[in-house]
Structures are given as C-alpha cells and as structure tokens.
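Protein chains in written order, with the numbering used here: chain A, 78 to 383; chain B, 78 to 383; chain C, 78 to 383; chain D, 78 to 383; chain E, 78 to 383.
Since the hints were derived computationally from the structure, they do not count as laboratory data. Just to be clear, a hint being listed does not mean it is correct.
It does not matter which identical chain is meant; a pair holds if it fits inside one copy or across any two.
[As the list claims (entries may be wrong)] Derived DSSO-like pairs (lysine-lysine); straight-line CA-CA distance at most 30 angstroms:
1. 300 to 192
2. 370 to 296
3. 79 to 370
4. 300 to 370
5. 365 to 296
6. 365 to 79
7. 365 to 85
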Amino acid sequence: MKLTHRVKEILSWYESDNPGTKANLARILMEGKLGGTGRMVILPVDQGFEHGPARSFAPNPAAYDPRYHFELAIEAGLNAYAAPLGMIEAGAATFAGAIPTILKVNSSNSLSTTKDQAVTGSVSDALRLGCSAIGFTIYPSSEYQFEMMEELRELAEEAKAAGLAVVVWSYPRGPMLDKAGETALDICAYAAHMAALMGAHIIKVKPPTEVISLDAAKKTYEKNPVDTTSLASRIRHVTDACFGGRRLVVFSGGEAGTAESIVEMARGIYAGGGNGSIIGRNTFQRPKAEALKLLADIIDVYKTQA
Amino acid sequence: MKLTHRVKEILSWYESDNPGTKANLARILMEGKLGGTGRMVILPVDQGFEHGPARSFAPNPAAYDPRYHFELAIEAGLNAYAAPLGMIEAGAATFAGAIPTILKVNSSNSLSTTKDQAVTGSVSDALRLGCSAIGFTIYPSSEYQFEMMEELRELAEEAKAAGLAVVVWSYPRGPMLDKAGETALDICAYAAHMAALMGAHIIKVKPPTEVISLDAAKKTYEKNPVDTTSLASRIRHVTDACFGGRRLVVFSGGEAGTAESIVEMARGIYAGGGNGSIIGRNTFQRPKAEALKLLADIIDVYKTQA
Amino acid sequence: MKLTHRVKEILSWYESDNPGTKANLARILMEGKLGGTGRMVILPVDQGFEHGPARSFAPNPAAYDPRYHFELAIEAGLNAYAAPLGMIEAGAATFAGAIPTILKVNSSNSLSTTKDQAVTGSVSDALRLGCSAIGFTIYPSSEYQFEMMEELRELAEEAKAAGLAVVVWSYPRGPMLDKAGETALDICAYAAHMAALMGAHIIKVKPPTEVISLDAAKKTYEKNPVDTTSLASRIRHVTDACFGGRRLVVFSGGEAGTAESIVEMARGIYAGGGNGSIIGRNTFQRPKAEALKLLADIIDVYKTQA
Amino acid sequence: MKLTHRVKEILSWYESDNPGTKANLARILMEGKLGGTGRMVILPVDQGFEHGPARSFAPNPAAYDPRYHFELAIEAGLNAYAAPLGMIEAGAATFAGAIPTILKVNSSNSLSTTKDQAVTGSVSDALRLGCSAIGFTIYPSSEYQFEMMEELRELAEEAKAAGLAVVVWSYPRGPMLDKAGETALDICAYAAHMAALMGAHIIKVKPPTEVISLDAAKKTYEKNPVDTTSLASRIRHVTDACFGGRRLVVFSGGEAGTAESIVEMARGIYAGGGNGSIIGRNTFQRPKAEALKLLADIIDVYKTQA
Amino acid sequence: MKLTHRVKEILSWYESDNPGTKANLARILMEGKLGGTGRMVILPVDQGFEHGPARSFAPNPAAYDPRYHFELAIEAGLNAYAAPLGMIEAGAATFAGAIPTILKVNSSNSLSTTKDQAVTGSVSDALRLGCSAIGFTIYPSSEYQFEMMEELRELAEEAKAAGLAVVVWSYPRGPMLDKAGETALDICAYAAHMAALMGAHIIKVKPPTEVISLDAAKKTYEKNPVDTTSLASRIRHVTDACFGGRRLVVFSGGEAGTAESIVEMARGIYAGGGNGSIIGRNTFQRPKAEALKLLADIIDVYKTQA
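Whenever a hint applies, use it, and build me the whole structure from the sequences.
Below is the structure:
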C-alpha cells in the first residue's frame with residue numbers, strides 16, 4: 078500500500094524515530110475511511126476503568142462485550158481502537174490484523190481520592206497483543222504529576238526502542254485548577270505542549286474553552302492575542318503549541334452531547350488543523366446503528382474537506 | 078581539529094573523567110564563533126516546559142517549531158543547544174552533527190504547587206540522539222532538594238561512564254528563601270558550589286545580586302568582604318566558589334531585558350571570569366534578526382576581549 | 078611495607094571483614110606521620126557542602142581549589158583525606174596513590190529545613206576514584222534517621238563486598254535534643270555505639286561534654302558514675318561504647334578555636350584512648366603554614382606519646 | 078558547523094539509524110581537509126596486531142609511540158583514525174575531541190594458523206574513549222566466517238543503539254580462495270555487499286583486480302560485462318554492489334608501493350565513485366614529512382576534483 | 078606518600094585510566110626497595126598450578142605454605158606478589174596492606190594436552206581480597222589464543238572500571254612455534270605488543286633470544302637491523318614494541334639458573350630499559366636466605382643504577 082504524500086509528510090516530523098515506530102504510525106494513519114488523509118478518528122474504551130461498567134455500558138448493554146468495540150471500530154472504518162489490557166486481550170486474536178490497537182497502559186478509577194493512575198500494562202503486553210502503540214495518561218498539575226511523567230518517560234523509551242508509537246492523554250487537573258481551568262485554552266495548550274516535550278507521537282487533549290486560567294499567562298495572551306471566540310482558532314492555538322503543528326493532535330469528544338454538537342465540534346477541530354477525534358462514550362453508549370451514523374458523519378467532516 | 082591551548086587547559090581540570098567525556102566537553106568548547114576561547118554561549122529552550130508554550134513562544138510564533146531553535150543556535154554560531162526530549166527528537170536527525178546538544182533530562186512546570194521536577198529523559202536517550210551532555214536542574218533549599226540531588230547523582234554517574242558531560246542548572250528556591258534570596262550573592266555561590274561538589278562539568282546559575290541572604294553567612298562576608306557593588310566581582314566570587322575557577326560556569330540571562338542590558342551583563346560575566354552566557358527567552362522571543370544581532374553582540378563581548 | 082604490631086591488633090578487631098577491607102584500613106593506619114601507631118589525623122573537607130563556600134573557604138581563599146586540600150593532607154603527613162564527589166574528582170588523578178581518600182557519599186546543606194541528607198556518591202565512584210573508604214553521615218534522633226540508616230546499610234554492605242572501609246559520621250540532632258544535648262556525653266556515646274552497631278569501621282563523633290541529656294539515661298549514670306569532668310574520661314566512655322575499645326573512633330575538632338585549645342583537645346582524646354582527630358575547618362581556614370604547624374603539633378601529641 | 082549538501086545527502090542513505098549514529102557519521106564526514114566533500118581519508122593502525130610491531134613500525138621507529146598516529150592523522154587533516162584498544166587508550170585523553178576515532182574491536186595476528194579473530198574491544202570501551210565508531214573485520218570464506226559475522230551482528234546492534242557508527246573491514250580469505258581470488262573483482266564486490274547487508278555504515282575492502290574468481294559468477298560477468306581493465310570501472314562495480322552507491326565505501330592502500338602508485342590508485346577510486354582511502358602502512362612507515370606529502374597528494378585527488 | 082617524578086611520569090602514560098587504576102599502579106610502583114624508581118621486582122607463584130606442587134615446592138618445602146611467599150616478598154622488599162586465588166586467599170588477611178597483590182585470574186596445568194587456560198578468579202575476588210591488579214596469561218599462537226584474548230578483554234574492562242590494574246603474561250606457544258620460536262626476539266616483541274594493544278598496564282614476557290622465528294618478519298629485521306647479540310638491545314626492542322617504551326614491561330627469570338646468571342640478566346633488562354623482573358622459581362625454590370640474597374642483588378642492579 079503506497080503511503081500518501083500527506084502521511085509521508087507527517088512521518089517526516091518524527092525524524093528521530095526508528096522505522097518500526099514510523100511503520101506503526103503509518104498503520105494508524107493509513108487505516109480506515111480516513112486512511113491517507115492525515116486525519117484520524119480513534120475509538121477509546123477506557124470508560125469502564127474510569128467510571129465503572131454501568132456508567133459506561135448500561136446505556137447500550139451490547140458494549141459490555143469487548144468484541145463489540147473491535148467490531149464498532151472496524152465497521153465504522155476508524156483508524157485505531159484504544160483500550161486497557163483486559164479489553165484488548167478479549168479480542169486481539171479474533172481481530173488480529175483487522176485494526177490498529179493502542180494499549181492503554183495506565184488507568185485511574187472513580188474510587189480513588191487521589192489524582193493518580195496505576196500502570197496496568199506494559200510494552201511486552203503491547204507487543205504480544207499486536208498493538209501499534211501504547212497509550213498513557215498524565216494529569217499535569219496533579220500532586221502526582223511528576224511520578225506519572227517519570228512512568229511515561231520509562232515506558233515511552235521502551236516502546237520506541239521496540240518500534241511502537243506513544244499516545245499521550247494529557248488531562249490537567251489538580252490543586253491549581255478549578256473545573257473551568259481544566260479545559261482553559263492556556264491550560265490545554267500547555268498540557269499538549271508538555272506531552273510533545275515528553276516525546277509523544279500522538280497527543281490527546283480536550284477541546285479548549287475560551288477561559289484563560291493561569292494568572293501568569295494572562296499578560297502573554299493580552300500582548301499576543303488569540304481569537305478565543307471560535308473553536309477553530311482555539312484548536313489552532315493548541316496545535317501550534319505542539320511544535321508548530323508538527324505533532325499529531327486529536328481531541329476527545331467531551332461530555333455526552335447531541336450527535337449534531339459532536340459533528341459540529343469535529344468541524345471546528347478540522348478547521349483549526351487538529352488531526353482528528355478520539356471519541357468513546359458518545360459512540361459506544363448509542364445503539365450501534367446510531368453510532369455508525371454519527372461516526373460516518375464525523376468522518377465525512379474530516380474527509381470531504383481533506 | 079586541533080584544540081587550543083586554553084581548551085586543553087580547561088580539559089585538564091576534569092582529570093578524573095574518561096576521554097569520552099573530555100571529547101564531548103571539547104566539542105562544546107570548540108564549536109561556534111567562540112570555539113577555542115574557553116567562553117561559551119548556549120541556547121536553552123526549556124521555557125515551554127517551565128512556563129507553557131504561549132508565554133514562551135507567542136511573542137515570536139516561529140519559535141513554536143523546534144527546528145527554529147536548532148537553526149538559531151547554528152546561525153548564531155553558538156556552542157550548544159539545550160532542550161527537553163521532544164524538542165531534541167524533533168530536530169536531532171536534520172541537524173545531526175551540526176551543533177552539540179544537551180538533553181535536559183528533568184523538567185518542572187508552572188502547574189506544579191511543589192518545587193520538584195520530573196525526570197523526563199535518560200542517558201540512553203542522550204546517546205541515541207547524539208547529545209554531548211545531559212542537563213539536570215536542582216533546586217537547592219527546596220523540600221525536594223535531596224531527592225533531586227539523588228536523581229542527579231545516579232544520572233551523572235551513568236552519563237560519565239558513557240562518555241557524556243553533565244551540565245547542572247542550580248536554582249535555589251524553597252522555604253528559607255524569599256525572592257531576593259534566590260539570587261543573593263551568597264546563595265548563588267553556594268548553589269554553584271554544590272553543583273561542583275556533585276560532579277557537574279558545566280554549572281549554570283543566575284547572575285548574583287548584592288544581597289547576602291543567609292544570616293549564618295553574613296559574619297563571614299563582613300570578615301572577608303567581597304566587592305558586591307560590581308557584577309564582575311560578584312561573578313568572580315561565584316567562579317571562585319566553583320573550585321577556585323576550575324569548573325566551567327555559565328550564567329543565565331535572567332528576566333527579559335533590553336538588548337543593551339543583556340550585553341552589559343555579558344561584560345560583567347566576562348570581566349568576572351565567568352565562562353559565558355546561557356540565554357534563552359531573551360533570544361528566541363525576539364524576531365530572528367534581532368536575536369542574531371543580540372547574540373553576535375554578546376559573542377563579541379566574549380571574543381574581542383578573549 | 079610491614080604492618081606494626083599495633084595495626085595488626087586493630088585489624089584483628091574487624092574479623093568478619095574481607096582482606097580487601099582490612100587492606101584499606103591498613104592503608105589508612107599505615108599512612109603519614111602517625112602511620113603504624115594506631116592513631117590517625119584525617120582531613121575532612123565537606124564544609125563547602127554543609128556551610129557553603131564562603132563560610133568554608135573565604136578565610137583562606139587558596140582553599141577554594143580542591144588541590145589545596147590534597148596537598149595540605151600530604152604535606153602534613155595525615156592518614157587520609159575525606160571529601161564529597163566533586164572535590165575528590167578534581168584531584169584524584171593528580172594525587173593518585175599519594176594519600177588514602179574517603180569518598181563522602183552523602184551530604185546535607187545549610188539551605189535545608191529538614192535534618193536529612195542526599196546520597197551524592199556511590200561505591201562505584203569510590204572504586205573508580207581509588208578511594209579506600211566511603212564516608213556517611215547519620216543524624217540519630219532526626220525524623221529522617223531511619224531512612225539515613227537504611228541508606229547507610231545498603232551502601233556499607235556494597236562497600237564491604239568491594240573491599241572498602243566504611244567511615245560513619247554520627248551526629249545526633251532532632252526533636253528530642255536541644256543544642257546541649259547534641260554533644261551530651263550519653264548522646265555521643267549512644268551515637269557512636271549505633272555507628273558501631275551498623276558495622277562502621279571508623280566512627281566519627283564530636284567530643285562529648287559533661288551534659289547527660291536523656292532523662293531515661295540519668296539514673297544509669299547516677300548508679301554507674303563516669304568521671305565527666307575530664308575530657309579524657311569522657312572520651313574513654315565513648316570508646317568503651319564502641320565495643321569496649323575495639324572499633325576505631327576519631328573525634329572532630331569542633332567549632333573554630335585557638336591552636337592551643339585544639340592541641341589540648343587532642344591531648345584529651347589521646348589520654349582517653351581515642352584513635353585520633355578528624356579536623357577540617359580548624360586547619361584549612363588557617364594560612365597553610367599555620368595549619369601545617371597546628372597539624373604537626375596535633376600529630377606530636379599522638380606520636381610522641383604513642 | 079553547518080553540514081554540506083553532500084554530507085546531508087549521504088546521511089539520508091542511513092535512514093533507519095538514530096540521530097546519534099548520524100551525528101557520528103557527520104563528525105567523520107565533516108572532519109579534516111576533505112570535510113564536507115563526501116570523500117574521506119582514514120588512518121588505520123592495526124598493523125601491529127596483524128603483522129607484529131617490527132614489521133609495522135621498524136621502518137619508522139617514531140611510529141612505535143601511539144601518539145605519533147594521532148598527530149599524523151590530525152596534521153594531515155584526515156577524517157578519522159582507527160586502531161585497537163591499547164592504541165586508542167594511549168592517546169584518547171591527550172587528543173580528546175581533536176579527531177574522530179574508530180575503535181577496532183576485533184583483531185587477528187600472524188601467529189594464528191586459523192583465519193579467525195579475537196574480539197578485543199567493546200561498545201562500552203568505544204563510549205568511554207569517545208570514539209565515533211567501532212570497526213570490525215570479517216573474513217568472508219573463512220571457516221570461521223559465520224562466528225565472526227555473528228559477533229559483528231551483536232556488536233553492531235549494540236553500537237547503533239548507543240549512537241555509534243559501524244565500520245566493517247571485509248577481507249575475503251579461506252579454503253575456496255587462492256591469493257588472486259582474495260582481491261578478485263567478483264569477490265571484492267561480494268565481500269563489500271555482505272558488509273552492507275550486515276548493516277555496515279562504512280565498508281572497507283581492497284581495490285579489486287581484473288580477476289573473476291568464482292566459477293559460478295563467471296557466466297554472469299560474461300552476460301553482463303564489466304569493464305575490468307580500468308580501476309575506476311572496477312571500483313564502480315564494487316560501489317554498485319553497496320546498495321547502488323548508497324553506502325560509504327573506502328579502499329585500503331594495499332601492499333607498500335611508491336607514492337605515485339598510491340596517488341594513482343586514489344585517482345581510480347575517485348573516478349569510480351569510491352568514498353576514499355583508508356591507508357596505513359603506506360603512510361606511517363614513511364618518514365613523517367613524506368607521509369604528510371603523500372597524504373596531501375591523495376587528499377588533493379579527492380578534493381580538487383570534488 | 079609523595080610520588081616521585083618518575084612514577085608520576087609513568088602514570089601519565091595511562092591517560093585513559095581512572096584514578097583508581099592509577100592509584101593501584103602507584104601502589105605497586107611506590108612499594109618496597111625499588112619504590113619510586115619506576116623499576117619493579119615482582120614475585121609470581123603460579124608454578125604450583127602450572128607444574129604441580131612437587132616440581133614447584135619440593136626443593137624448598139617451606140614454600141608449600143602460602144604464607145611463605147607473602148613473607149618472602151615483604152622481607153625482600155618487592156613491589157608486588159602475584160598468585161592464583163587459593164594462594165591469595167590463604168594469606169590475604171594476615172598480610173592485608175603489607176604488599177600489593179596481583180590475583181592471577183587464569184591458570185593452566187601440566188595435565189592438559191591443549192594450550193588453553195581456565196579462568197580461575199574474578200574481579201570481585203580481586204576486590205574482596207584487596208588486590209591491586211588482576212593477572213592474565215595469553216598464549217599467542219595457540220589454537221585457543223582468540224578465546225583467551227576474549228576472556229582477557231572482558232575481565233580487563235571490568236577490572237579497569239573497578240579501579241584495578243591489569244597485568245598480562247604474554248607467552249607465545251602453538252603450532253607455528255618450536256621451542257626456540259617461543260622466546261625468539263621477533264616473537265617476544267610481538268607478544269608484548271599484543272598485550273599492550275589489548276590494554277595491559279603491565280606486560281610480562283620472557284627475555285628474548287637472538288632467534289628471529291617468523292619467516293615473514295625476517296626481511297624486516299634485515300632491513301631494520303636490531304643488535305641481537307646483547308640482551309640489553311634485545312630488551313630495548315621489546316620495550317620499543319610496547320608503545321615506544323610507554324608501557325611497563327617486566328621480564329620473567331626464565332628457567333632455573335645460577336644466582337649470578339639471574340643477576341646478569343637483570344643487568345641486561347636494566348640496560349635495555351625494561352621495568353624489572355618477575356621472578357618465581359629462581360627465588361622460592363632456593364632456601365629463604367639465599368633467595369633474599371639473590372633478590373637483594375637483583376634489586377641492587379635496578380636501584381644503584383636508577
């Protein structure tokens with residue numbers, strides 16, 4: 078399969094990586110209906126760990142079965158499917174070679190009182206399960222942020238040496254940030270930038286709001302204004318923060334919303350130069366047909382305008 | 078390339094180091110317009126991690142792209158370029174062999190409420206990326222200072238065995254120090270001395286002010302007065318504290334200032350026997366032409382008087 | 078070089094140690110003007126770390142240069158020189174084989190608000206630098222004492238396997254002890270005993286005062302009185318506490334004093350059966366000629382009466 | 078130091094290598110009088126191991142001293158100096174940073190009755206000595222060839238991970254080859270190709286003669302004739318065999334010859350697209366002035382026509 | 078103990094070694110009656126392993142006891158004592174610190190039909206026994222030479238990292254060499270050179286005879302004649318072969334001979350610039366008084382003329 082010019086250009090950004098890592102990035106970028114466009118839609122299913130099974134799957138009980146998600150991602154023509162160890166183990170043989178997978182190697186849960194995560198998977202796991210990447214979440218600003226970053230450093234070094242890609246979920250939370258601060262424009266951009274600095278190949282952040290949270294940053298934004306009123310320009314600011322647009326950045330779908338609101342968000346991400354959507358609850362909690370329809374609409378946003 | 082007498086003399090200070098480490102120090106000291114003089118100008122770009130991307134790069138958006146900094150350092154004829162993992166990865170192949178690099182292997186950020194840092198790079202990373210040195214920041218006086226020192230100890234031992242040099246940023250901060258104390262003369266000298274004691278090859282501290290901060294030290298300074306009124310004599314005191322001038326000591330540019338104030342500071346560093354400037358924000362936040370002009374002026378200070 | 082009867086007798090105390098450790102103890106005991114007497118004078122230069130460079134070296138600026146201390150120890154005919162990593166690295170090749178060195182592998186500093194230390198050297202460092210021993214400080218009674226003891230345990234075990242000796246600085250300080258308590262007779266004896274119990278080959282404590290600090294100990298001292306009025310008998314009590322005199326115990330010179338007071342203290346240490354003096358500030362802060370004179374006088378105390 | 082377009086083009090051939098290896102190749106290619114041209118002259122001094130000290134150095138006794146060879150390579154403005162462990166150890170600190178070195182990590186000798194070699198250096202040695210590459214000799218056709226290839230594989234993998242380059246001397250010898258066969262055109266091309274296949278970055282072979290040695294190959298050469306009468310076209314055939322000219326190939330100077338014959342050979346190598354000469358005996362066995370003259374003439378061949 | 082100018086000069090040859098290795102070389106060079114002269118007499122007692130106990134010790138049964146050899150070396154004022162594991166273990170504690178020891182870490186025996194050796198000691202053994210160096214024998218030309226060299230390489234790298242010195246016995250034997258060839262001038266020089274190339278700090282070979290053994294070498298010796306008629310000029314040729322005299326070379330006493338013949342040989346070694354004698358059988362097989370007399374006479378040769 079010949080890589081498109083755009084995918085080759087994207088791979089050239091990762092100039093220090095070995096061909097194995099490049100090949101795995103290429104697999105993700107060339108897969109599915111968006112294959113070759115440089116845009117991606119990824120299905121993440123770590124909700125069960127984060128929020129518990131009922132909050133995750135009761136709205137659509139078919140989704141209790143891990144095979145459901147592989148099938149959803151494949152039928153929808155997505156680029157990759159990301160999940161924790163058990164979810165991948167439960168389908169990796171059946172769907173071997175059918176879709177790139179991302180092994181989520183750390184996880185938090187709603188029963189924790191601390192903003193930390195457990196490492197729940199390894200690079201060896203990712204290799205034996207045929208995954209293309211590991212996924213790791215950091216919580217910048219958490220009192221555990223430095224421990225999480227050090228875990229990421231170690232796992233990322235190992236993953237890269239083994240030819241895997243590294244996907245980082247960068248979700249700010251902690252004593253300095255109120256709820257609004259967690260998705261503030263300056264904070265999202267900062268979180269994305271730190272993931273890039275730590276060597277992430279694909280960066281996942283939440284879509285930023287108009288808020289500027291950090292006092293120390295306000296002066297900068299006054300002097301160097303960003304149009305905060307449009308999602309597209311806010312997305313542009315975040316992708317700028319990722320090495321001037323030379324890292325893949327995808328945005329989560331956020332809280333459950335209407336199909337139209339989600340598609341609208343994709344339009345903003347697209348317009349701002351984001352590389353795509355990573356969208357879980359908003360798809361697997363819907364009946365499958367609806368989910369496929371929604372995903373097709375999102376893909377259309379990224380594709381028809383590619 | 079034949080080493081100058083001065084560079085050979087400097088290498089002789091590092092008598093316990095293996096030839097690999099000496100060769101990497103030589104590479105840094107022989108590079109660029111100051112090559113061979115024993116003086117250095119280094120470009121550090123860890124601002125993105127420390128202060129966030131907008132505060133670092135919005136004043137000069139071209140600097141969002143990591144390649145910009147490699148180019149700036151090469152065009153300006155600097156001795157080395159220092160940055161965290163992702164920044165180095167994003168240009169290390171394109172600029173392989175073009176300028177010595179220093180992999181900054183720990184990083185803090187403005188979203189932290191503690192005076193600690195995360196280890197974000199390794200000696201293996203430095204080797205695979207072709208770096209000449211690792212860089213590490215300690216915060217003497219921080220409640221995490223001992224942990225940071227122990228991380229440094231371990232990384233430095235490994236780096237030296239692999240023939241790399243070790244650059245230590247020694248930035249005092251913590252419960253015993255108010256803002257003025259962080260750059261007080263006695264504190265800067267102490268911070269520099271501790272870095273030397275931990276085996277640093279190159280020591281980076283802030284230019285010291287006239288303040289004497291530690292009560293316990295005041296008597297000493299009264300009995301053994303240092304001329305605190307001139308920057309040159311304060312710099313001299315700091316380099317004395319680094320093994321009587323037998324360790325390389327470079328000084329940060331400090332807060333954003335006018336070009337003239339920065340060049341003036343270089344004059345003081347030069348006159349006091351400091352080994353050079355490590356200057357980030359004051360260059361990459363300026364338009365490139367201005368930055369090149371400023372760096373040329375700083376280099377002239379160190380060079381014309383060499 | 079034939080060992081003296083006295084040195085052989087001392088080595089026999091360390092019957093569980095391997096010949097490598099014994100050889101390194103022999104090197105220290107056979108070196109210098111006191112070589113063979115079983116008494117020692119050691120030069121420790123960790124003041125720079127503990128108190129900062131100006132408080133340590135400004136009174137005698139030649140001492141900023143690490144080579145100064147090697148030379149002082151060699152010219153004075155001392156038994157060993159102890160210092161942190163950077164100080165040893167800066168002279169270990171020039172003075173290779175010229176005097177036994179003790180690598181101080183942990184260090185505190187005056188900018189710390191906690192009574193803890195950082196591990197700043199390793200057994201591998203000691204081997205590559207040709208040291209005869211590692212040195213480690215514990216602060217019995219500190220809230221970090223157990224962590225420090227556990228670090229000591231691990232390093233001491235490793236050092237002994239590699240044929241190195243272990244020197245322990247045992248300096249009580251912490252919430253239960255006021256200033257007077259830190260050098261109280263019962264506390265000094267207790268601190269020395271704990272160092273012996275942890276497997277130290279050479280124990281360094283401060284000269285004890287007449288104070289009995291621990292309430293729980295007072296009854297014992299009343300029942301079993303020690304002549305606390307003479308330094309000699311207090312020293313005897315401390316050496317008794319070190320396995321009935323079967324461990325090497327040396328005493329620090331304490332705060333800066335007159336030459337005569339320091340020589341007088343050596344007389345007390347000698348008379349009480351102490352194994353010698355470990356004396357830093359009181360020598361390297363004096364002009365070299367004075368320091369050599371003072372050290373010669375101290376050595377005379379231990380030697381002429383040997 | 079800005080890389081030339083040609084050196085960048087050469088580095089692009091090594092697309093799977095990490096930036097560290099590329100930087101070390103760049104160091105070699107940018108050094109000396111041919112720096113930047115893509116052509117190289119390398120000084121190899123492994124003759125002492127291979128042929129004994131008198132046969133190597135008696136004609137020019139100054140060459141017994143390892144420092145002589147560092148100086149010769151530096152003064153002549155060569156690209157690199159290659160030698161076994163002891164030779165590098167004896168000068169690596171004095172000449173740290175002055176010229177790229179290649180640690181020859183295996184060695185044979187004239188007292189062996191088998192066509193094998195001993196591994197006599199390691200990647201760790203290369204790092205601690207500041208080398209840019211390891212060098213390894215294989216004897217294709219020897220009864221020990223597979224053992225040697227397996228040793229190379231292991232060392233090369235380790236070297237590449239540590240950011241070093243790999244130089245392979247490929248010298249066919251063994252039961253199938255008579256003396257003429259060892260430098261036959263088909264055999265040289267085959268030996269060079271195998272080195273390329275094993276992942277060598279720089280390949281060293283002997284200049285090929287007009288002989289076609291392998292019966293099985295003769296038919297091919299009849300069907301697809303190579304102009305064997307000119308050295309240039311034979312060199313072209315060998316460089317073609319190294320990935321169509323996309324690997325660096327250098328040629329040994331061969332047996333002792335006249336200065337003119339050696340320069341003439343360089344002309345052929347140049348014309349055939351070879352990347353340079355690796356020339357030992359023919360330089361260090363001459364008086365230094367003669368050797369410098371000869372090397373200058375060889376360099377002129379590669380340079381003036383570059 | 079202040080090192081002499083000559084010993085400092087010798088240490089400067091070993092510029093790539095760490096201070097630990099330099100200190101151990103200094104210990105050997107500063108020990109005994111020749112301490113400081115740069116000349117050495119070493120007692121090796123590996124005969125028991127090589128020739129069996131009766132052939133070694135029956136002529137002087139006191140020598141069955143390992144302590145005898147420590148005492149002999151100490152009383153004679155030698156520089157070091159070399160022996161296999163068991164011999165060192167049997168006296169290392171009693172004689173700890175009394176004389177530098179060299180742990181012979183491989184051994185052959187007369188019951189072998191192959192010219193190989195077993196590795197019988199480790200670097201850890203050397204450290205726990207307080208040895209200053211490891212000793213290793215290679216048999217250049219043996220069919221096992223490459224295996225032995227590879228064992229040496231690995232042990233030497235480990236020893237150097239731990240601050241030990243490496244002594245290599247280079248004894249040619251094998252299918253290409255008849256008895257005369259084993260001590261032929263060209264072969265001795267070659268054997269010594271190979272030990273230097275493998276990184277030996279001290280090289281032990283047999284005194285060379287007038288024979289030139291290797292056909293390939295004869296032409297060289299005709300063209301570049303060595304005065305083979307005097308031992309001194311033959312010794313000079315061997316030391317030249319060891320980096321132009323910049324490695325320590327000692328010569329074995331050879332077969333049992335008269336006291337006068339052995340002293341005469343020392344005169345030749347001295348005159349030819351050899352660094353001393355390593356002499357076993359010829360001392361420990363004599364009654365102790367005779368042995369001490371002989372060693373005193375040998376030492377006089379090296380000392381009075383120093």
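Each hint tested on the structure:
Taking the shortest Cα distances, residue 300 and residue 192 sit within 30 angstroms of each other only across copies (28 angstroms), while inside one copy they are farther apart (34 angstroms). In this assembly of identical chains, the alpha carbons of residue 370 and residue 296 lie at most 30 angstroms apart only when taken from different copies (27 angstroms versus 44 angstroms within one copy). Taking identical chains as interchangeable, the C-alpha atoms of residue 79 and residue 370 lie at most 30 angstroms apart whether they share a chain (29 angstroms) or sit on different chains (19 angstroms). Taking the closest pair of Cα atoms, residue 300 and residue 370 come within 30 angstroms of each other only across two copies (24 angstroms); inside a single copy the shortest separation is 43 angstroms, beyond that limit.
For the identical chains of this complex, residue 365 and residue 296 are inter-copy neighbours only, at 22 angstroms across copies versus 47 angstroms inside a copy, given an alpha-carbon limit of 30 angstroms. In this homomeric assembly, residue 365 and residue 79 come within 30 angstroms of each other (Cα to Cα) only across copies, at 18 angstroms, whereas the closest approach inside a single copy is 32 angstroms. Taking the closest pair of Cα atoms, residue 365 and residue 85 come within 30 angstroms of each other only across two copies (24 angstroms); inside a single copy the shortest separation is 34 angstroms, beyond that limit.
Checked against the numbered hints given earlier, the structure satisfies every one of them.
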